[in-house]
Amino acid sequence: MEDVFVVEGVKKSYGDSTVVDGVGFRIRKGEIYGLLGPNGAGKTTTISIVMGILQADSGKVEISGMPHGPREMRTKALLGFVPQQNALYEDLTARENLRFFARLYGLSGSVARERIEEVLTAVGLADRADDLVSSYSGGMARRTAIAAGLLNRPQGLVLDEPTAGVDPQSRNAILEHVRALADSGVAVLYSTHYMEEAERICDRVGILDDGRIRAEGTRRELVDTLGERDRVVLELDGAAADAARALEELPGVHTAVATENGVELDCDRGAELAPRIVRALADRGLELRSLTIHEPDLEAVFLHITGKALRG
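Quick note on UniProt numbering: the sequence shown kicks off at 1 and runs consecutively.
Simulated from the structure, these hints should not be mistaken for lab results.
Careful: at least some of the hints might be erroneous.
Label pairs and their in silico Cβ distance ranges [unchecked claim]: (1) 57 <-> 77: 22 to 28 Å; (2) 91 <-> 121: 51 to 57 Å; (3) 60 <-> 84: 33 to 39 Å; (4) 113 <-> 289: 29 to 35 Å; (5) 71 <-> 96: 27 to 33 Å; (6) 118 <-> 289: 36 to 42 Å; (7) 225 <-> 91: 32 to 38 Å; (8) 132 <-> 65: 28 to 34 Å; (9) 39 <-> 271: 50 to 56 Å; (10) 180 <-> 24: 27 to 33 Å.
Capping the alpha-carbon separation at 27 Å, the derived lysine-lysine pairs in BS3-like fashion look like this [claimed, not checked]: (11) 11 <-> 60; (12) 60 <-> 76; (13) 60 <-> 29; (14) 11 <-> 29; (15) 76 <-> 11; (16) 76 <-> 308; (17) 76 <-> 29.
Please read all numbers here as calculations on a predicted model, not as lab measurements.
Glycine included, C-beta positions come from ideal geometry on N, C-alpha and C.
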């Protein structure tokens with residue numbers, strides 16, 4: 001897959017303080033890359049450099065194979081940006097706001113009208129487009145800001161805490177829309193303070209702390225660095241002791257303990273092991289009522305690497 005974002009060895013200092021210290025990552029077309037870090041980790045500065053708002057002291061940023069920076073208009077035109085704070089005029093309607101941003105992108109006439117209708121429909125605001133933004137809920141305002149970031153049909157989209165302060169329903173709608181954008185081929189850099197969002201939609205995650213990427217990978221790859229195992233809970237109709245003895249023989253199962261309602265397994269990669277568990281029980285005529293996999297999560301990885309909570 002084609003890399004849309006390429007960031008290599010980026011550094012940024014203010015006086016004697018190094019804020020970004022050799023950050024590097026790549027984001028492919030159709031991929032959501034989560035950038036996680038505690039407060040003061042350097043996320044905002046990194047995002048500003050990636051967007052071409054700030055000039056890095058050293059290192060490089062490329063967008064779709066082209067050099068990128070504050071003076072590079074060609075590459076800036078390929079990006080969409082949704083900042084932490086909504087950059088909207090509350091005394092204008094959503095449609096009027098989008099018309100203004102369309103002009104900043106150099107869009108006008110029928111092309112601008114077409115794009116505005118397209119993004120309003122995409123974020124579910126077509127029926128409220130002519131209401132003042134001041135009348136919107138927090139979630140609707142965030143969706144308007146996302147719409148503004150999509151007007152130029154970007155190849156790369158940067159979202160800086162897009163669900164902060166919105167209601168659960170709007171938050172869910174935003175997450176679904178971001179996933180749909182990636183599925184359509186957009187590369188997404190997604191910064192969030194909500195670990196469950198990263199778990200849900202990010203294909204890969206980079207953990208930033210003290211200006212450096214301390215760990216990077218898929219959720220499973222990061223969890224595996226802890227060396228912790230999955231716990232699989234089985235509910236059975238009887239014969240729990242027999243089931244435990246049979247399942248403990250499976251490769252990847254470290255312990256199998258009979259419980260009042262079934263068996264609990266301590267194992268490697270429970271999701272991959274599940275089909276073999278089901279087959280082993282069926283071969284012995286044992287009826288499985290439910291199977292639940294409990295995996296170590298990104299929160300545990302984050303705390304292990306940074307020693308800090310993500311929020312706070």
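Hints, one by one, checked against the model:
Between residue 57 and residue 77 the Cβ separation comes to about 25 Å, which falls inside the hinted range of 22 to 28 Å. At roughly 24 Å, the beta-carbon separation of residue 91 and residue 121 lies outside the given 51 to 57 Å, and the hint is violated. For residue 60 and residue 84, the Cβ-Cβ distance of about 25 Å falls outside the hinted range of 33 to 39 Å, so the restraint is violated. In this structure the supplied range 29 to 35 Å is violated for residue 113 paired with residue 289, their Cβ-Cβ distance being about 57 Å.
Between residue 71 and residue 96 the beta carbons are some 30 Å apart, a value that agrees with the proposed interval 27 to 33 Å. For the pair residue 118 and residue 289, the supplied restraint of 36 to 42 Å is violated, since their beta-carbon distance comes to about 48 Å. Checked against the hint of 32 to 38 Å, the pair residue 225 and residue 91 fails, with Cβ atoms roughly 50 Å apart. The hinted range of 28 to 34 Å is not satisfied by residue 132 and residue 65, whose Cβ atoms lie roughly 42 Å apart.
Between residue 39 and residue 271 the CB atoms are about 33 Å apart, so this pair departs from the stated range of 50 to 56 Å. Evaluation of the 27 to 33 Å hint for residue 180 and residue 24 yields a pass: the beta carbon distance comes to about 28 Å. Of the pairs offered as hints, the one joining residue 11 and residue 60 holds, with about 9 Å between alpha carbons and a cut-off of 27 Å not exceeded. Proximity of residue 60 to residue 76 is assessed by CA-CA distance (about 15 Å); at most 27 Å being required, the pair is judged to hold.
The hinted pair formed by residue 60 and residue 29 meets the criterion: a straight-line CA distance of about 19 Å does not exceed 27 Å. Restraint check for residue 11 and residue 29: the C-alpha separation of about 25 Å stays at or below 27 Å, so the hint holds. Only pairs whose Cα atoms come within 27 Å are accepted, and residue 76 paired with residue 11 is accepted, the gap being roughly 20 Å. Between residue 76 and residue 308 the alpha-carbon distance is near 34 Å, which puts this suggested pair outside the 27 Å criterion.
Distance check on the hinted pair: residue 76 and residue 29 sit about 17 Å apart at the alpha-carbon level, within 27 Å; holds.
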